[in-house]
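Colleague: So the chains spell out like this:
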Amino acid sequence: MKYQIVIAGFGGQGVVFLVKVLSVCASKKGYKFLGTENHGMSQRGGSVSSHIKIGDFYNPLIDYAQADLLIGLDKDEAVLNLPYLKKGGDIVVNADEFEDIDANVFAIDANKLAQNGVFDAKGLNVFMLGIALARVKNFPFSIDEVKEAIGEINPKFAPANFEILQKALEYGKN
Amino acid sequence: MKLTLMGNEAIAYGLLHSNTKMLSGYPGTPSSEILTTFQKLTKDLPVYAQWATNEKVGFEVAYAGAIAGVNAAATMKQVGLNVASDALMSASFIGNLGSFVLIVADDPGFNSSQTEQDSREFARFARIPVLDPTTPQEAYDFTKLASKISELFETPVMLRSVMRVSHSREIVEIEDNFEFKEGEGEFKRDIKRWAAVPRAGRLSQAYEQLQRLEKIKEYNYKELIAPKIKELKNTENLIISSGTAYGYVKEVLQELDLNIDLLKIDMPYPLPSNLNELVKNYKKVLVIEETYPVIEEEIRSENVYGKMSNHVHSVDEMNKERVVEALLKIGFYEGENIYKPVFSVSNPKTRKPNLCPGCPHRDIYFAIKKVFRPKKSIYPSDIGCYTLGINLEGIDTVLCMGASVSMAHGFSIADKNKTVIATIGDSTFFHSGTAPLINAVYQKAKFILVILDNSTTAMTGRQTTPQRETKGEVDLKKVAEGCGAEVMEYFYKPDINETINFFKEVKKRYENTKGPLVVVSRQYCVLDKERAKEFIPGIFATVDEEKCVACDVCTTQYVCPPMHYNEKGKIEIDPLLCVGCSVCISGICPTDAFIPKDEK
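Respectively, the protein sequence lines represent chains S and L. Quick note: the first sequence uses this note's numbering, first residue 1, plus one each step. Quick note: the second sequence uses this note's numbering, first residue 1, plus one each step.
Take these hints with a grain of salt, some might be off.
[As the list claims (entries may be wrong)] Straight-line C-alpha distance at most 27 Å; calculated DSS-like pairs for lysine-lysine:
#, chain 1, residue 1, chain 2, residue 2
1, S, Lys167, S, Lys29
2, L, Lys570, S, Lys156
3, S, Lys137, L, Lys340
4, L, Lys340, S, Lys75
5, L, Lys597, S, Lys112
6, L, Lys349, S, Lys112
7, L, Lys280, L, Lys228
8, S, Lys112, L, Lys570
9, S, Lys112, L, Lys43
10, S, Lys137, S, Lys147
11, L, Lys352, S, Lys75
12, L, Lys280, S, Lys20
13, L, Lys533, S, Lys156
14, L, Lys40, S, Lys20
15, S, Lys29, L, Lys2
16, S, Lys156, L, Lys2
Source of the hints: derived by calculation from the structure; they are not laboratory data. As the structure is a computational prediction, the values presented were derived from the model and not from experiment.
Pulled out of the complex, with its shape left as it was, chain L reads as follows (with noise of 0.2 Å):
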């Protein structure tokens, strides 16, 4: 059967034809609809396919399952794996019965993440093996490939996917007539395996793991490379690529007719040590994958070139025009760049990523920064949505999930004289906010903590979350008293000057707290259909000229996207972006330009 799949809709249905019945993992771009997707495919079947509060904790749920016996699965973004990494590290000495697939998405050129790495570094850092696909259409083949070895070899296997695979479109052709084969799991005591523990029980682990990945290295020599080894023509050079950077080679040496042998690297870890043997065949071998040297460092020898020897570049996602430059540096190619611009861009405007029309966060940070001035505070924030709180220099340090936290914790030691006045979001709290919370309460921390509670995982899609998934049982006000601090909770008003106010208090109240002050902000999502409407009152704003004196207050601390300067140089609010929130009307302006539209 044939359908036009992304990527990531393409590794669900590899998920579900690997009769996969576990699946957890966190969202986070480009990996997020890898779950949704599952989801919808199985929503009538026996499967269990659920957000976790983290990818930890998401990996060990499904690996438990892997080894009661069941196929199971976790899926997360490259960072994401830094979180889950512990388990990971330990896993791979473990193993699985049921398979357990490792499904992370890499995104080179840092399209939305604080990181590049590849985590085909984590595979091998583990020493598991991993499948690093092309197009959709073998992330299909290679999830269910990655089940097949996972289950053949007893170990976790990573199925890791980038930004251009998981997030493109093709026809992919996937298996007519599967029967999703029913039954349960049943845990078999080992205690010797499941309990290994140092150091005699992980040391003999240690010599089979070395065992295992020199049965998976003649595996992937048999079943993956030796076919396409024989398809090469003996050209005087050879390319080694994998990934994505196969399919831009691929169309390189296409388009510029060159002959010269091209070798795809399907599981770039473990590499069989025949493949220094054809290394020696050729004058000289470039490697060409994003986004480490992996394939490189695995096969290093006088003649191969790359990343390591400053042919191929290291940062930044890889294009043929990228491709085409490491050829000409090694000589295997000489003539034009034809990937080079025809027409330059001289003055682009460039659209920044900015927080929705309507969005409450941009009210808390205006209110923070009118309550707790900029000269004398700081302001640690964390991973979300509310990361674009940015752009009204309401933060000033972006680590990683939670740091916000843990980073206002040790401001508040080395800098006494500023008031610490962090923000998180509500899944981000839930994710890795509570441990660094603690911490703070029973080492008599002093700042504040704003939790941005819109009660959804905004930035990468709005997935549910644990509060409000369980309808409070589980809440944010009851988990950070429980955590021991002292907690005030706002509720949302589209007026600025009732959010200032209840800085004030905050303020106030702060003054006389011998810890942590956390604040739980009551808001939402404009782009959360259930729960928007009943917080927009639909009053639209427009702007009365004569009022405006230019003064930039409102598209430098509040920048609203509507809001523009026009040709007679006063501001103008878009009406196809305005959606109609009122706070603008309710006290941005200094001098009150802002105004209802129908009282105009």
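Just chain S, with the same shape it has in the complex (with noise of 0.2 Å):
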């Protein structure tokens, strides 16, 4: 099994978090994984980008043209790490709409969504983890393998998140 993962955000928005999330999820598994995080001289409010490599890698970093899944916490963000996706490749992206492009583009926007009292803005990296939950086919982690690394890494935030998570879920249907 190998299965590659770019997360784009900015700072502040919990990409480094679902990097977590997904490491317990895979050690949970049993895969091997490696992972690394792209941020530069940015503190606040640059560009964060997270790259995961689930299966048998020697390298964190995810090459062009190379990752499954890119989830954009952030439309811009995800535009500029385009070029990791593969084609064909799935895309969940916080945005009203996407560039149609060759490849399962999901646009959800969330932070409409979040204005709305749908949910806490600050759980937007949850909320998009489950929508790449339900609507990604190959998504190598279950809704419970899920809820049960976030209860581990923040068990004080876990009843919140994972009632964001069921929110998304169901969101991710339509």
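Relying on the hints, combine the two individually framed chains into one complex.
Modeller: Structural data, given as structure tokens:
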């Protein structure tokens, strides 16, 4: 099993939290994985992207045209990271609409949903992970596995995060 | 035991499991988490683990421990080793009794560094062995191996990490049931060795150094290289690689299903001559390494190719696209480069690194530029968060740690028609600001030095500083006065007029000074949870659209991330990013368009 995920966003959106969730999922399933973060000199508000490679890999960096899935917490950041996506790969992106490209694109305006009170904006990262769970056919982990990992990493906020995840699953179905 | 670890955490475990009793160094991306993790792991153990004022100091404190027989290590980023290099060059002659592991994290690709220098070159220059891990697992294993080799051969050993090892995560298998061996060091007098002086003392150590290198070469071959040569299948051509580069090459060979022998080098220096023999058995040998051609130079021969023959790229980070380009060039592969992007980006909107919302550095640069106009001023600066003052065009030069002070001195001599006003952070000033300040005082150089004192090493993750740790016993103002400089102190207020007025006072005072005038600006870091609260009033801003004339002053001269134009062409403040510092309301806007949110 080999699966490569790029998560793109900016500082403060919780990109690194998602990488931790996915690495806990992988280690619980006994999958090998390597992950890395790119954030240059930014502290807050700058581009942050993370790569996670599940399977037999020797280097943490995902190369161009190799990612199976791109999770975009922000539209512009998703566009910036498009070169990493493989042809016919999956994108779930926080955007009202997205470019028409040769990939499975699922755009959802999560910012708007947060503003309308569907979920707390701080949980955007978990919401988009939930969308990926709902929409992406080959996603390597189940809902329960993701929940278990979230509970392990941050037990205090786990109930709130589970709620957001559940909302995402509903919105992801439509 | 299996743990999910970041490379730097794995190194910290490796140090613990080598019975390391002394660790020092200076923070620098991507190396900083090594010492902080080690501090956490050894909380209840009799271990010394402290940040030094700079890398040279940290190296020397730890190295003395190794001379006294305890296992010790120093940690730094690659440019930090430039600072510690004076100590390293001599330590490699003298050696050590306890192990001494020099951990250096490189940054291929200039992700957060001024250079992408390859520290393996430094190991070769200093004639010490260097280990080059590929993954966090190897970072753990090689840290222990480095300690072992260091003790065995009584020499400093470098563990050279890079950003993609230090900042990557994987499941790492670490030793179970490790028991820390307590016990103190004991300095044994050996004047001939520990205080070897030129010429006779150092000359004999130089001969010993060469003999030692020969023994290490043998060790490298027997223990590390020979077992890997056995696995080779004697294909027509050979690829030699090490460190992160090996990871890329191995993945490429697997994914393109190429049958080419690949030899991994764990210790790129010193290399045994057996390797030159091996090279003769192949038609062509391609060396793929990151960042400089170290192995390639060591095994140079007619059939060895790499960076020096222009087959492999010489600048910037490695990736698989570049590995395949090299394979195509040399003829090891004929086919498509599958690592070229399918989707290209037209019109990318990139986010520039920026000072955080609420960061007082922004106010200082804004005020400096108001009072000391750009046409009549030179703004040398230094290494830290405040380097991002470049977005406000409040910085003219950036060289290396501490250079703002000495370069301000130099500019004051070379261009007498301008006022030189330099900026430096508190941690950088302690690191290497005092020597150039003393120099400027005794030579009566006339310039202004602003020390931006947020009492933390902010850029690298808010490590502590001497001033903070001693609660003011070591104090910037006292230190600058001790150097003989005139000092003015500013207690930062989130009101731009206060800051501008203060710098007007600075200007007046400067007209009557004969030497450097130091300003200590007492401020805070917005990410510093302990101190930020007392400084941020929590008054959030919004925009009176009728007053906004889209003049660009806030977006080009103040550059606070929440400020941006909306669809109506008016400035808008992103409420999720604003921290409520209220400075914009106090007078950034020429038409007073920023107003408190609750007054709207």
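Colleague: Now look at each hint and say whether the structure bears it out.
Modeller: Taking the hints in turn, this is what the structure says about them:
Distance restraint check for lysine 167 of chain S and lysine 29 of chain S: the Cα-Cα separation of roughly 25 Å lies within the 27 Å cut-off, and the hinted pair is therefore satisfied. The suggested pairing of lysine 570 of chain L with lysine 156 of chain S is violated, with an alpha-carbon distance near 41 Å, which exceeds 27 Å. Straight-line distance between C-alpha atoms of lysine 137 of chain S and lysine 340 of chain L comes to about 25 Å, which keeps the hinted pair within the 27 Å bound. As the CA atoms of lysine 340 of chain L and lysine 75 of chain S are separated by approximately 22 Å, the hinted pair is consistent with the 27 Å bound.
A C-alpha spacing of about 21 Å is found between lysine 597 of chain L and lysine 112 of chain S, which places the hinted pair at or below 27 Å, so the restraint holds. Note on lysine 349 of chain L and lysine 112 of chain S: the hinted pairing holds, with a Cα-Cα distance of about 21 Å set against a maximum of 27 Å. For a cut-off of 27 Å, the pair hint linking lysine 280 of chain L to lysine 228 of chain L stands: about 17 Å separates their Cα positions. Between lysine 112 of chain S and lysine 570 of chain L, the direct Cα distance comes to roughly 21 Å. Compliance with the 27 Å bound is thereby established for this hinted pair.
Pair hint lysine 112 of chain S plus lysine 43 of chain L does not hold up; C-alpha atoms about 46 Å apart against a cutoff of 27 Å. Distance check on the hinted pair: lysine 137 of chain S and lysine 147 of chain S sit about 18 Å apart at the alpha-carbon level, within 27 Å; holds. With a C-alpha separation of about 16 Å, the suggested pair lysine 352 of chain L and lysine 75 of chain S falls inside the 27 Å cut-off, and the hint holds. Simply put, lysine 280 of chain L and lysine 20 of chain S have alpha-carbon atoms about 47 Å apart, too far for the 27 Å limit, and the pair is violated.
Taking the CA atoms of lysine 533 of chain L and lysine 156 of chain S, the gap is near 24 Å; set against the 27 Å cutoff, the hint holds. With a C-alpha separation of about 20 Å, the suggested pairing of lysine 40 of chain L with lysine 20 of chain S holds against the 27 Å cut-off. Using a Cα cut-off of 27 Å, the hinted pair lysine 29 of chain S and lysine 2 of chain L holds, with the two alpha carbons roughly 13 Å apart. Distance restraint check for lysine 156 of chain S and lysine 2 of chain L: the Cα-Cα separation of roughly 25 Å lies within the 27 Å cut-off, and the hinted pair is therefore satisfied.
In this structure, the hints that do not hold are numbers 2, 9 and 12, in rising order.
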